[in-house]
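Protein chains: 2
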Amino acid sequence: MSSTTRPAIRVLPEPPGLPAPLPEPAVEDLRLETVLGALSGPLRLSIVRRLLLEREEFDHPCGWFGFDRPKSSLTHHFKALREAGVLRQRQYGLERRSEVRVDDLNARFPGLLDLVADWDERPA
Amino acid sequence: MSSTTRPAIRVLPEPPGLPAPLPEPAVEDLRLETVLGALSGPLRLSIVRRLLLEREEFDHPCGWFGFDRPKSSLTHHFKALREAGVLRQRQYGLERRSEVRVDDLNARFPGLLDLVADWDERPA
Numbered sequence: 001m002s003s004t005t006r007p008a009i010r011v012l013p014e015p016p017g018l019p020a021p022l023p024e025p026a027v028e029d030l031r032l033e034t035v036l037g038a039l040s041g042p043l044r045l046s047i048v049r050r051l052l053l054e055r056e057e058f059d060h061p062c063g064w065f066g067f068d069r070p071k072s073s074l075t076h077h078f079k080a081l082r083e084a085g086v087l088r089q090r091q092y093g094l095e096r097r098s099e100v101r102v103d104d105l106n107a108r109f110p111g112l113l114d115l116v117a118d119w120d121e122r123p124a
Numbered sequence: 001m002s003s004t005t006r007p008a009i010r011v012l013p014e015p016p017g018l019p020a021p022l023p024e025p026a027v028e029d030l031r032l033e034t035v036l037g038a039l040s041g042p043l044r045l046s047i048v049r050r051l052l053l054e055r056e057e058f059d060h061p062c063g064w065f066g067f068d069r070p071k072s073s074l075t076h077h078f079k080a081l082r083e084a085g086v087l088r089q090r091q092y093g094l095e096r097r098s099e100v101r102v103d104d105l106n107a108r109f110p111g112l113l114d115l116v117a118d119w120d121e122r123p124a
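Residue numbers (my numbering), protein chains in the order written: chain L, 1 to 124; chain S, 1 to 124.
Check each hint, because a few of them may be wrong.
Same chains, same names: a pair is fine if it fits in one copy or spans any two.
Unchecked claim - Calculated lysine to any residue pairs in the SDA-like style (CA-CA distance at most 20 Å, straight line): (1) 71 - 33; (2) 79 - 62; (3) 79 - 7; (4) 79 - 40; (5) 79 - 33; (6) 79 - 37; (7) 71 - 42; (8) 79 - 43; (9) 71 - 9; (10) 71 - 13; (11) 71 - 60; (12) 79 - 122.
No lab work stands behind these hints, which were simulated from the structure alone.
In this text the structure is predicted, and so the values were computed from the model without any measurement.
With the rest of the complex left out, here is chain L (with noise of 0.2 Å):
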C-alpha cells in the first residue's frame, strides 16, 4: 500500500436486472500467473485502475476510458482481461460493459487489487 492518499478502491452495490455475464472462469478456477499476465501492461492496468478508483456506475463500456486507441484494440484488451478472470463483462444490446471482479480476486489473490490501485500510471 502506499503512503498517498489515493481514493479508495469503489465497490457498488449490483443493481436489479442485469444481463448474465459473458463467459469467464470460475472463481476458484483463477490462476495467479494468467491473472499476472493479464495485468502487465500499462495499458491493461490503467484500465483496472481506473475501474477501481473512478467507477461511476455498475459498468462501463470502453468508450467510458478515452482511450485513444482503436476499439478493436480494446476490444481485445478487455476480453483478454475478461478470460483471465480479472473483468466480468455483460452485453447491453449493442454495448459491453465491464467491472472488476473485486470480491473474487480479493478472495484468491488477497492484496493484488491495491497493488494496481497503487500503480504509478507515469509513464516509464
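Please arrange chain S on chain L, whose structure you already have, making use of the hints.
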C-alpha cells in the same frame, strides 16, 4: 494470504565478500507492469516461489532447482526476472546465482511476494 500453513519467506543475512550484482533496475525504477509481466508464467513463478520458501543458501545457481529444461532456456528466464527487478544475480566464477529482491519488492509492491509464495503450483 492462504489459510494453509505455508513456510515463511526466508530471509538470510548477506554474507561478506559477495561479488557485485549483475546489472539490474534500481528499486525506485521498478515498474509494476514489468514485474507482473516477468512473473506471468508457471516456470517464473516456480523459480521465485522456491527461492522464497526453500532457499538453503544466500543465492542459488539454476542447477539447484532441478528443472528439466535446457540451460539456455533457464538462463533466459532468470535474466528476464533480473531485468524486471525480481531477482538479483551475482557471478561466482563460471556460476551465476540468484536471490529474490525481497526488501526492494516489499518496499515497492507490498504483498506481491506473499501472492507468489502462496501460489498453488498444481498444473492448470
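Going down the list of hints, with the structure as the test:
Proximity of residue 71 to residue 33 under the C-alpha cut-off of 20 Å is found in neither arrangement, the shortest distances being 27 Å within a copy and 22 Å between copies. For the identical chains of this complex, residue 79 and residue 62 are intra-copy neighbours only, at 11 Å inside a copy versus 36 Å across copies, given an alpha-carbon limit of 20 Å. Neither within a single protomer nor between protomers do residue 79 and residue 7 lie at most 20 Å apart by alpha-carbon distance, with minima of 26 Å and 36 Å respectively. In the homo-oligomer, the alpha carbons of residue 79 and residue 40 lie at most 20 Å apart both inside one protomer (14 Å) and across protomers (18 Å), since each shortest distance falls under that limit.
Taking identical chains as interchangeable, the C-alpha atoms of residue 79 and residue 33 lie at most 20 Å apart whether they share a chain (17 Å) or sit on different chains (18 Å). Both within a single protomer and between protomers do residue 79 and residue 37 lie at most 20 Å apart by alpha-carbon distance, with minima of 13 Å and 18 Å respectively. In this assembly of identical chains, residue 71 and residue 42 lie within 20 Å of each other by CA distance solely inside one copy; the values are 17 Å within and 31 Å between copies. Taking the closest pair of Cα atoms, residue 79 and residue 43 come within 20 Å of each other only inside a single copy of the chain (13 Å); across copies the shortest separation is 25 Å, beyond that limit.
Neither within a single protomer nor between protomers do residue 71 and residue 9 lie at most 20 Å apart by alpha-carbon distance, with minima of 26 Å and 43 Å respectively. With identical chains, the CA atoms of residue 71 and residue 13 are never at most 20 Å apart, being 29 Å at best within one copy and 51 Å at best between copies. For the homomeric pair residue 71 and residue 60, the shortest alpha-carbon distance inside one copy (15 Å) is at most 20 Å, but the shortest distance between copies (46 Å) is not. Taking identical chains as interchangeable, the C-alpha atoms of residue 79 and residue 122 are never at most 20 Å apart, the minima being 25 Å within one chain and 25 Å between chains.
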